[in-house]
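Enquirer: Spelled out, the chains give:
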Amino acid sequence: MTLLLLLMVSFIATGNWAQERVWTWQCQEGRCVKQLLQRNETPQGLEACKLVCDIYSTLWPRPTGKVELGRVLVPINYNAITIIGISGEGRALSENVGQLFSTAADNFRNRLTTMFKKQEQRTSGGKSLQVQVTIHDSSTRTLTMESDESYELYISEADYSQVHCNIVSAQFFGANYGLETLSQLTTFDDAADNLVIMRDVNITDSPAFPFRALVLDTARNYFSVASIKRTIDGMAASKLNTFHWHLTDSHSFPFQSSTYPQLSQYGAYTPQQIYTPQDITSVVEYARARGVRVLPEFDAPAHVGEGWQWAGPNVTVCVNAQPWNKYCVEPPCGQLNPTNDTVYEILGGIYHDIFALFDSDMFHMGGDEVNFECWRSSLDIVNWMTSQGMGQTNDDYLQLWDMFQKKAYMKVVEANGGNEIPIVLWTSHLTAEGAIDKYLDNEIYIIQIWTTGRDAAIANLVNKGFRVIFSNYDALYFDCGFGAWVAEGNNWCSPYIGWHKVYMNNPYTLLTNLGVDVSPGTAARELVLGAEAALWTEQVDESSLDGRFWPRAAAMAERLWSNPDEGWQQAEYRMLAHRERLVQRGIQSEALEPQWCYQNEGSCPSQG
Amino acid sequence: MKVAYLLQVLSAAACLCAAEDSGPGWQWSWACKSGRCVKSEYPISYASSRGISNITRKSQSACRLTCGQYGALWPHPTGPTTIGEQVVAFHPSIIRFDLLEVVDSGRGTREYLAACTQLFLDNLLVECGANCSVVSDTDVYVRLVTRSQDLTLNWNTDETYTLDIVTSSRVNSVTVNIRAETVYGARHGLETLSQLVARVPAPLGGGGRGHSSPRKHLLIMATNVRLSDAPIFRHRGLMLDTARNFLPLYAMKRTLDAMAASKLNVLHWHATDSQSFPLESPRVPQLARRRFGAYSSRQVYTPQDVAYLLEYARLRGVRIIMELDAPSHAGNGWQWGEAAGLGQLAVCVNQQPWRKYCIQPPCGQLNPTNPNLYRVLRDLYRDILDIFPRGEPLHMGGDEVYFPCWNSSAEIVNWMEARGQGRGQADFLQLWADYQSTALGTLDEEVGHSNTPIILWSSHLTEPGVIESFLNKDRYIIQTWVPASSSLPVELLAKGYRVIYSTKDTWYLDHGFWGSTVYHNWRVVYDNRIPRKAGVLGGEACMWSELVDNQSLDAKVWPRTAAMAERLWADPETRSSSAEARFYRHRQRLVTRGIRADAVSPAYCYQNEGECQ
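Chains A and B are the protein sequences, given in the same order. FYI, the numbering for the first sequence is 1 to 608, going by the UniProt record's numbering. FYI, the numbering for the second sequence is 1 to 613, going by the UniProt record's numbering.
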């Protein structure tokens, strides 16, 4: 009897795969539940189920306005998709915006292409899809803090042969996000063997924070242009809008300066590991078409060293000095000499080259981790200070630093055609209570916080009227948790930060906990520009770049775009789906859970 | 005559080294000083270089190749080792292999080594990169000498070899002698030889070089090399878990490539778990193929896949030990029993709330009281035996059996009651032991003898107080996964059990990303010493895959597992700090060979040896 049954089962098993489908997924109370497929039941694939099941579908980040989802999927024909962009007056887009739009439309198609597992699936049938995108502002190409990133999206089933989608936005940036959202409402349904899209959709969407960023350090280790572009792809998929490029550090100088080519000749790890002006332009334009601003950082006066060897004596001090821990936080040491005029001359050239290539509405001047012992070790600096009637206290060195910052800023303004420009600085002694009022102007300076989120200094910054960007290391330093490369044990900010913590890192909550009123309408709330996840690359290079950023950076992206009241639990299955989306698009994201959890929603441990 | 020729070779090589990484204004060269490659700001006058003196200003990879006692070798040899400072330029296409002294009366040893030489050449070509130049007229002869015709790879395999590189009196020729008892020793010798090679730019052509034309490269080989080598531990393993997340075949192949590069010799394949059963069994197709247990129809290993992987591994000096974890860590894949009239093959599958029935979701344990279970296991074993070499150990898991699961099953409880057993800890322990001996008996019947070595994870069943009443020390090898501070391995050794160390607080590669676990960086991995005692087979790094799939597998496993590889191969008295420069070089080697190994330091530290301490 048993044997007979076994034979029967084996017999069924010899059919082809379509017949062998054992499981189907059904949406029950917002979760896709895996069930044995019954006789004569039409199976539903997991991805299709996910698309209709959650109240926010698989959208990441979830929209902030109206979210009406039809929860009915329509097969569409990959080869019958039309995307047209028009201006507010219903005319063709201007050339300015038209170029960007055409790249965005191509990107949309490419995203759909990645959904197919086999080439032949693309020819499957379905309705045609007509996408009409209206962009009102026909001139704006550059993202600024004032940009409008909002959009509206409608999908309806107009007739039997076509699906219509309308996207309306003030500026290109919203239109681009609308297309991203549209691609997230599309999937390849492996049960139906067809590309499907959700119909009857009405979404209005805009971000909670205007500044949603990642910083990549390309000096501790080098990253190819291709890997930077891949990072920007991940950002665009997650509606992040700023790629902060930490170009140089004491370890290496990969930025090729046209004015002073010696910098990268001496300072690049190899002659090939540089960023030429063409490289930079290609990154800036690549990012622009994806709604991403590239914010350059030239860190000074500390975090310099390699690359300056040719500049003559006393331009830099304590370069590669040992024992390093006397003069800097990590080897190799090195700082610019603020008392040397050549420093400003060279900086002027570097700034000039940077402003010629980047197109950012702000500039990052670093100002990170200046070590007074380094300066103190230079006879040249000590003598100069004595000659100026200065002492040798920390306050004197703060003054020296302030002098550097002011002179360097003049060079920045000069490079920016004589125009003032907002400057971002890392939190430091210079931004500490007592110093900041004396030295920094809140009209110019934006402060990027990298202390813990519980640091009282943050409240002080906001109370003093400084705009702030949160990179509190306890939630947004993605390099944490690995080996200490200069000592025993693990690195200083261990342990590793899981996506749950990243997701829950709400800048407003941090400030509220510090006693700052950031309720809607307050001036303090306006000062919070957003947040930025940091990847310092002492222990990362191109080999594992993606896994460090993704999908954790996407967790931050939803915090900054949607700023949901709920915890990460409501986002868990959308997060898993978004992680799969990133992988599908060629970003080697870290796995968050066993695949079993992806297939059995709601059955896995809560580890947050 | 010989000296004059050498000088000639060297001057060419000096010129080549000097030119590496040359670019407009490139300023740096390296010189070996007291075992360290020191970077200095000297523009390299390669055009005028003549004779030996200029060879002190080298490219970094050329410097590392011959600097220090062990140059760029990973793991370092355990016997006397000399690597001369002189190098010779050559091109992979002009290497000739001499296999005449490979004893082979039709058993396949020569065929095996011929395949190894191809893999060796592939590695050299990858090292040389695109634009590998043919500008070199140095002949390289690689002579392989082996005596044994035994192609068995197991704990008794002799992996020793000797390697010497001599420049012969014949002009422009270099002879490499690799002598080993077995082909597996010779394979290690070829691996070592590939690490005695570095990439440098080819000399500039007579007509000069346009800036647009890509720089050509060729390879240099260390000369005057003499070394002998043998591993300290015979089980040098890596465990991959393909059940929590599926790993495609190419990911496992990539892992085997890296294992071969690091002279590891066991891939422990934790193929199944309660989450999924990706292993296709022709006799029990329900387990995987019909998607009861596989995540999808694409995420399965067919018998052909497994056989292919076994051969792929063998050519890299690695054997695969299959683990079928039971009776716990089994669930998905086993749900079809009742529908097929076989009763419950597993109990508490996917049961919630999971915390009551297992350590992590989804729950599931085999039902030891169901006689049909052993019929299914028998079929499964037969499928495994069809593919794996006879005599290969089987890992039977035995991990984390959770008694409340069994206790929740009326069927099991009634069965025990009917036999007059209670429901205490001891009763369930006995049930487990009975399962284990029945399962083993089933396996033995299929094998036809009772000599197959069986590996089990340390557990309640292997506690020193009870193990002898449950597990025969001549049959069972215990893989201990306790912290370094635990006395368990030593106690088991004292009782005569053989032990494989998977020191949990150093060699568990998943740690640091969940709960309160701590990431074990490469230094911790390297510095974990295990006792050199009879009965200690070796060690294994474990990559549990709850938080890993193909996307980040390499970075989690490498280069840390290579750090363990040197510990198990060479077991040096020194600590990780002494191995830094070679380790950074090996990490780069892995990356060159297509493994996305994690970075462990800024490139600055690689280029400035000893400056990051």
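Keep in mind that the hints were calculated from the coordinates and are not lab data. Keep in mind that the hints are not guaranteed to be accurate.
[What the hints assert, rightly or not] Below 27 Å or equal to it, Euclidean Cα-Cα: the simulated DSSO-like pairs (lysine-lysine) are:
id, chain 1, residue 1, chain 2, residue 2
1, A, K118, B, K504
2, A, K501, A, K407
3, A, K118, A, K229
4, B, K216, B, K39
5, B, K533, A, K326
6, A, K34, B, K356
7, B, K473, B, K356
8, B, K473, B, K533
9, B, K253, A, K117
10, B, K504, B, K253
11, A, K406, A, K438
12, B, K33, A, K326
13, A, K406, A, K501
14, A, K34, A, K117
15, B, K533, B, K504
[Claimed, not checked] DEER-style ranges, computed between Cβ atoms:
id, chain 1, residue 1, chain 2, residue 2, range
16, B, R423, A, R71, 42 to 50 Å
17, A, K501, B, S34, 57 to 65 Å
18, A, V225, B, K495, 44 to 52 Å
19, A, V72, B, E411, 41 to 49 Å
20, B, E411, A, S161, 34 to 42 Å
21, A, G489, B, R283, 46 to 54 Å
22, A, Q119, B, A307, 50 to 58 Å
23, B, K495, A, A487, 37 to 45 Å
24, B, E411, A, K501, 58 to 66 Å
Glycine included, C-beta positions come from ideal geometry on N, C-alpha and C.
Enquirer: Tell me if the straight-line CA distance from K216 of chain B to K39 of chain B falls inside 27 Å.
Expert: It holds: about 24 Å lies between the C-alpha atoms, which stays within 27 Å.
Enquirer: Given the hint of 42 to 50 Å, is the C-beta distance from R423 of chain B to R71 of chain A inside that range or not?
Expert: holds (49 Å)
Enquirer: Honestly, do K495 of chain B and A487 of chain A meet the 37 to 45 Å range at C-beta?
Expert: holds (40 Å)
Enquirer: For the pair we were handed, K34 of chain A and K356 of chain B, check the Cα-Cα distance against 27 Å.
Expert: Measuring from Cα to Cα gives roughly 22 Å; hence the hint holds.
Enquirer: Take the C-alpha atoms of K533 of chain B and K504 of chain B, compute the straight-line distance between them, and say whether it is at most 27 Å.
Expert: holds (20 Å)
Enquirer: Does K326 of chain A sit within 27 Å of K533 of chain B, going by the straight-line distance between their CA atoms?
Expert: violated (45 Å)
Enquirer: Range hint 46 to 54 Å: satisfied by the CB atoms of G489 of chain A and R283 of chain B?
Expert: 51 Å Cβ-Cβ, so the 46 to 54 Å window holds.
Enquirer: Indicate whether the distance between the beta carbons of K501 of chain A and S34 of chain B respects the range 57 to 65 Å.
Expert: violated (46 Å)
Enquirer: Measuring from beta carbon to beta carbon, are E411 of chain B and S161 of chain A in 34 to 42 Å?
Expert: violated (57 Å)
Enquirer: Holds or violated: are the alpha carbons of K33 of chain B and K326 of chain A at most 27 Å from each other?
Expert: holds (25 Å)
Enquirer: Just to be careful, I want the Cα atoms of K253 of chain B and K117 of chain A compared with a cutoff of 27 Å; is the pair within it?
Expert: holds (22 Å)
Enquirer: Given the hinted pair K406 of chain A and K501 of chain A, is their alpha-carbon gap at most 27 Å?
Expert: Violated, at about 38 Å.
Of the numbered hints listed earlier, those contradicted by the structure are 1, 2, 5, 7, 13, 17, 18, 20, 22 and 24.
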